[in-house]
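**Q** Residues per chain are reported as follows:
There are 2 protein chains.
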Amino acid sequence: MAHISDVARLAGVSSATVSRVINGTAKVSEEKARRVRKAIAETGFNPNEIARSLYKKSSRMIGYIVPSILNIFLSEIGRAIEDEAFRNGYKVILCNTDQNPEKEAAYIKMLSSMNADGIIITANNEHLDEELESCRLPIVVLDKSAGARYSASVQSDSYEGGKIATEHLIRCGCRKIVLMRGPQQYSSSQQRFLGYVDACNEHGIQPLFVESGFDYREGRDGARELFRRFPDAEGILAVSDMAALSLYRLLHEQGRSVPDDVMIVGYDGVELSELMTPALTTVAQPIEAIGRRAVGLILEQVEKGKIEQREIIFPVTLKLRETTKQI
Amino acid sequence: MAHISDVARLAGVSSATVSRVINGTAKVSEEKARRVRKAIAETGFNPNEIARSLYKKSSRMIGYIVPSILNIFLSEIGRAIEDEAFRNGYKVILCNTDQNPEKEAAYIKMLSSMNADGIIITANNEHLDEELESCRLPIVVLDKSAGARYSASVQSDSYEGGKIATEHLIRCGCRKIVLMRGPQQYSSSQQRFLGYVDACNEHGIQPLFVESGFDYREGRDGARELFRRFPDAEGILAVSDMAALSLYRLLHEQGRSVPDDVMIVGYDGVELSELMTPALTTVAQPIEAIGRRAVGLILEQVEKGKIEQREIIFPVTLKLRETTKQI
DNA sequence: CTGAAAGCGCTTACAG
DNA sequence: CTGAAAGCGCTTACAG
Numbered sequence: 001m002a003h004i005s006d007v008a009r010l011a012g013v014s015s016a017t018v019s020r021v022i023n024g025t026a027k028v029s030e031e032k033a034r035r036v037r038k039a040i041a042e043t044g045f046n047p048n049e050i051a052r053s054l055y056k057k058s059s060r061m062i063g064y065i066v067p068s069i070l071n072i073f074l075s076e077i078g079r080a081i082e083d084e085a086f087r088n089g090y091k092v093i094l095c096n097t098d099q100n101p102e103k104e105a106a107y108i109k110m111l112s113s114m115n116a117d118g119i120i121i122t123a124n125n126e127h128l129d130e131e132l133e134s135c136r137l138p139i140v141v142l143d144k145s146a147g148a149r150y151s152a153s154v155q156s157d158s159y160e161g162g163k164i165a166t167e168h169l170i171r172c173g174c175r176k177i178v179l180m181r182g183p184q185q186y187s188s189s190q191q192r193f194l195g196y197v198d199a200c201n202e203h204g205i206q207p208l209f210v211e212s213g214f215d216y217r218e219g220r221d222g223a224r225e226l227f228r229r230f231p232d233a234e235g236i237l238a239v240s241d242m243a244a245l246s247l248y249r250l251l252h253e254q255g256r257s258v259p260d261d262v263m264i265v266g267y268d269g270v271e272l273s274e275l276m277t278p279a280l281t282t283v284a285q286p287i288e289a290i291g292r293r294a295v296g297l298i299l300e301q302v303e304k305g306k307i308e309q310r311e312i313i314f315p316v317t318l319k320l321r322e323t324t325k326q327i
Numbered sequence: 001m002a003h004i005s006d007v008a009r010l011a012g013v014s015s016a017t018v019s020r021v022i023n024g025t026a027k028v029s030e031e032k033a034r035r036v037r038k039a040i041a042e043t044g045f046n047p048n049e050i051a052r053s054l055y056k057k058s059s060r061m062i063g064y065i066v067p068s069i070l071n072i073f074l075s076e077i078g079r080a081i082e083d084e085a086f087r088n089g090y091k092v093i094l095c096n097t098d099q100n101p102e103k104e105a106a107y108i109k110m111l112s113s114m115n116a117d118g119i120i121i122t123a124n125n126e127h128l129d130e131e132l133e134s135c136r137l138p139i140v141v142l143d144k145s146a147g148a149r150y151s152a153s154v155q156s157d158s159y160e161g162g163k164i165a166t167e168h169l170i171r172c173g174c175r176k177i178v179l180m181r182g183p184q185q186y187s188s189s190q191q192r193f194l195g196y197v198d199a200c201n202e203h204g205i206q207p208l209f210v211e212s213g214f215d216y217r218e219g220r221d222g223a224r225e226l227f228r229r230f231p232d233a234e235g236i237l238a239v240s241d242m243a244a245l246s247l248y249r250l251l252h253e254q255g256r257s258v259p260d261d262v263m264i265v266g267y268d269g270v271e272l273s274e275l276m277t278p279a280l281t282t283v284a285q286p287i288e289a290i291g292r293r294a295v296g297l298i299l300e301q302v303e304k305g306k307i308e309q310r311e312i313i314f315p316v317t318l319k320l321r322e323t324t325k326q327i
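Just so you know, the sequences run in chain order A and B. For the first sequence, UniProt numbering begins at 1 and goes up steadily by one. For the second sequence, UniProt numbering begins at 1 and goes up steadily by one.
Hints are not guaranteed to be accurate.
Here are the computed lysine to any residue pairs in the SDA-like style, where the Cα-Cα straight-line distance is at most 25 Å [stated by the list, open to error]:
(1) A:Lys-32 to A:Arg-52
(2) A:Lys-319 to B:Glu-253
(3) A:Lys-57 to B:Ser-19
Listed next, with one range per pair, are the computed distances between beta-carbon atoms [claimed, not checked]:
(4) A:Ser-113 to B:Ser-29: 23 to 33 Å
(5) B:Glu-311 to A:Gly-305: 46 to 56 Å
(6) A:Ser-134 to B:Arg-87: 23 to 33 Å
(7) A:Glu-322 to B:Gln-326: 28 to 38 Å
(8) B:Gln-326 to A:Pro-286: 44 to 54 Å
(9) A:Ile-327 to B:Arg-224: 31 to 41 Å
(10) A:Ser-113 to B:Pro-101: 31 to 41 Å
(11) B:Met-1 to A:Arg-171: 48 to 58 Å
(12) B:Arg-9 to A:Tyr-55: 21 to 31 Å
(13) B:Glu-311 to A:Gly-12: 41 to 51 Å
(14) A:Lys-56 to B:Ile-313: 39 to 49 Å
(15) A:Ala-41 to B:Arg-228: 46 to 56 Å
In case anyone wonders, no lab produced these hints; they're calculated from the structure. What you are looking at is a predicted structure, and each value in this text was computed from that prediction instead of being measured. All residues carry an ideal CB built from backbone N, CA and C; glycine is no exception.
Turn these sequences into a full structure, and let the hints steer you where they fit.
**A** Now the structure itself:
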């Protein structure tokens, strides 16, 4: 690997000058600049990013901390984050935690020791708070409201999501509507629950719910409990699009059909929701926008050099598909 | 942030000594070691990994380069990679390329400029070869055989996969069996195709196939063409589990049922395959093992300091589920 | 506009 | 066993 000094020697200038033409950080005579560019091309010089990071105290890295990348919603968000980061010259470190507090803490520590520029995190972990508090990196949370310890939060309107999904089922003629309620440590889950309850109350319907996690397995457990407790549910609000898959399966086993016997509304609007059979009616979050905005907020903080509290809430939209039928 | 010099001062030793107790790289008197540990605890010292990387020319990072993390198979592999990397103190950089040659090249360049320790890559991109060739990092490919330019390859037995899937359909009574053939730049796709053809020939069956990419959308296109050209297919070998979803959908639209009217065998064995309705019979790759082994090979090369060519092929297994029925 | 020099925060020969 | 010093490869005040 060629070093900056090799380029400098070849171009007959100092390393400082080479650095300046590479970064465009100061005026350099066109004559020398030309020689430098030529020397760079000849040597195939690729600046060592680590050396730069050490001096600048920034490695142009963003950590994406999630319970599991196998959660499709999170992987779609990750996709958007990666894309937005890349186009701004940033890299993303994938941090899968399995909700393991030690792994979460280790990653947070690791990221700060690497001069990362920010953290985007989803983790319903209470223990994490101290760890995050002692971390001076900009932190954007995706699953709860920004607290004293987070610099910013980017979410979609969960209250509205819970509400419109419920109202839609009511419009479809359902009276016995059961919500698969997400973990209540997440303020997003709380809000969705509230939206659901309010919609029920406004229509004189009794709110019913079971607890459930977001992923395949947890969703399956939640779905099982749902059918045990509410075998006569007419409409179901799935905790996630993925969980709806488990609903399909159990309903299929019971020989009940969707939407004729039971209607389902998913949540998230992942790509998969459209490809399921039947295609899933769902509350779509603006996944792309959430990911991009989260990165945008980090970059903003990096530029300003100070951490500002921000709270972004995007609107959600109901995608009408085949698992519900309006009368 | 406390620096190593702060710890040294507090403990009344030199930075060298602090470094030695942290890394256990040389003997230090128990007395001083104790003082150092105490000082570390008091200052909350967290060594700057970037500084270490600069000196060691290793950032303990592995790049995972894939067309798209939205491909569930690749995200499950990524999950395994992340896990194995983490337990060895390595971080993984998520590099999504969308098969964009420029993005791929940029990531490869970025990774070497960051003193990354290796690259694990899936990318059916020819243009990439020069880029990889000029990169001295250990490179493990997942989708083709190791060539002059790759240090190692980790795959599962695609030939066998294509073969056993076909034989299974034959055993199920299918005679008109269509393969959704993956991109032939991948040697894995080629092998699978060969396994299919051989099985057909051995049973006097005419090989039939359409071309298809792996993901949702490409799979849908492939599936459409398949039904256009072979409306009377009895058995279908999906290019991936995800593509099978599109098959379900089209078949559903045609009012044909699985497995009674048509049988389907998926490929990959992602978690999702088990949760689909009907549950998908599929050729499962040892995803966890592949990811772990890929990381293992990188670490091995890092330790040895030299790049050795290796070719790992894991066995595949047929998971019998609901989309096929033996007679 | 340009270069010599210091500095980013560690690690490790080297000498003792 | 231990410390002073050099070095990893850049960037940027500072002086000119």
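**Q** A separate judgement is required for each hint: does it hold in the structure or not?
**A** Do the hints match the structure? See the list:
1. A:Lys-32 to A:Arg-52: Answer holds: A:Lys-32 to A:Arg-52 is near 22 Å, not above 25 Å.
2. A:Lys-319 to B:Glu-253: 20 Å, holds
3. A:Lys-57 to B:Ser-19: OK: A:Lys-57 and B:Ser-19 at ~21 Å, within 25 Å.
4. A:Ser-113 to B:Ser-29: 23 to 33 Å: 27 Å, holds
5. B:Glu-311 to A:Gly-305: 46 to 56 Å: Since the Cβ atoms of B:Glu-311 and A:Gly-305 sit about 50 Å apart, the hinted range of 46 to 56 Å holds.
6. A:Ser-134 to B:Arg-87: 23 to 33 Å: 24 Å, holds
7. A:Glu-322 to B:Gln-326: 28 to 38 Å: 32 Å, holds
8. B:Gln-326 to A:Pro-286: 44 to 54 Å: 46 Å, holds
9. A:Ile-327 to B:Arg-224: 31 to 41 Å: For B:Arg-224 against A:Ile-327, whose Cβ atoms are near 33 Å apart, the range 31 to 41 Å holds.
10. A:Ser-113 to B:Pro-101: 31 to 41 Å: 34 Å, holds
11. B:Met-1 to A:Arg-171: 48 to 58 Å: Given range 48 to 58 Å: holds, Cβ gap about 56 Å.
12. B:Arg-9 to A:Tyr-55: 21 to 31 Å: Given range 21 to 31 Å: holds, Cβ gap about 23 Å.
13. B:Glu-311 to A:Gly-12: 41 to 51 Å: 48 Å, holds
14. A:Lys-56 to B:Ile-313: 39 to 49 Å: Between A:Lys-56 and B:Ile-313, where Cβ atoms are some 44 Å apart, the hint holds.
15. A:Ala-41 to B:Arg-228: 46 to 56 Å: Because 51 Å falls inside the window, the suggested range holds.
In this structure, none of the earlier numbered hints is contradicted; all agree with it.
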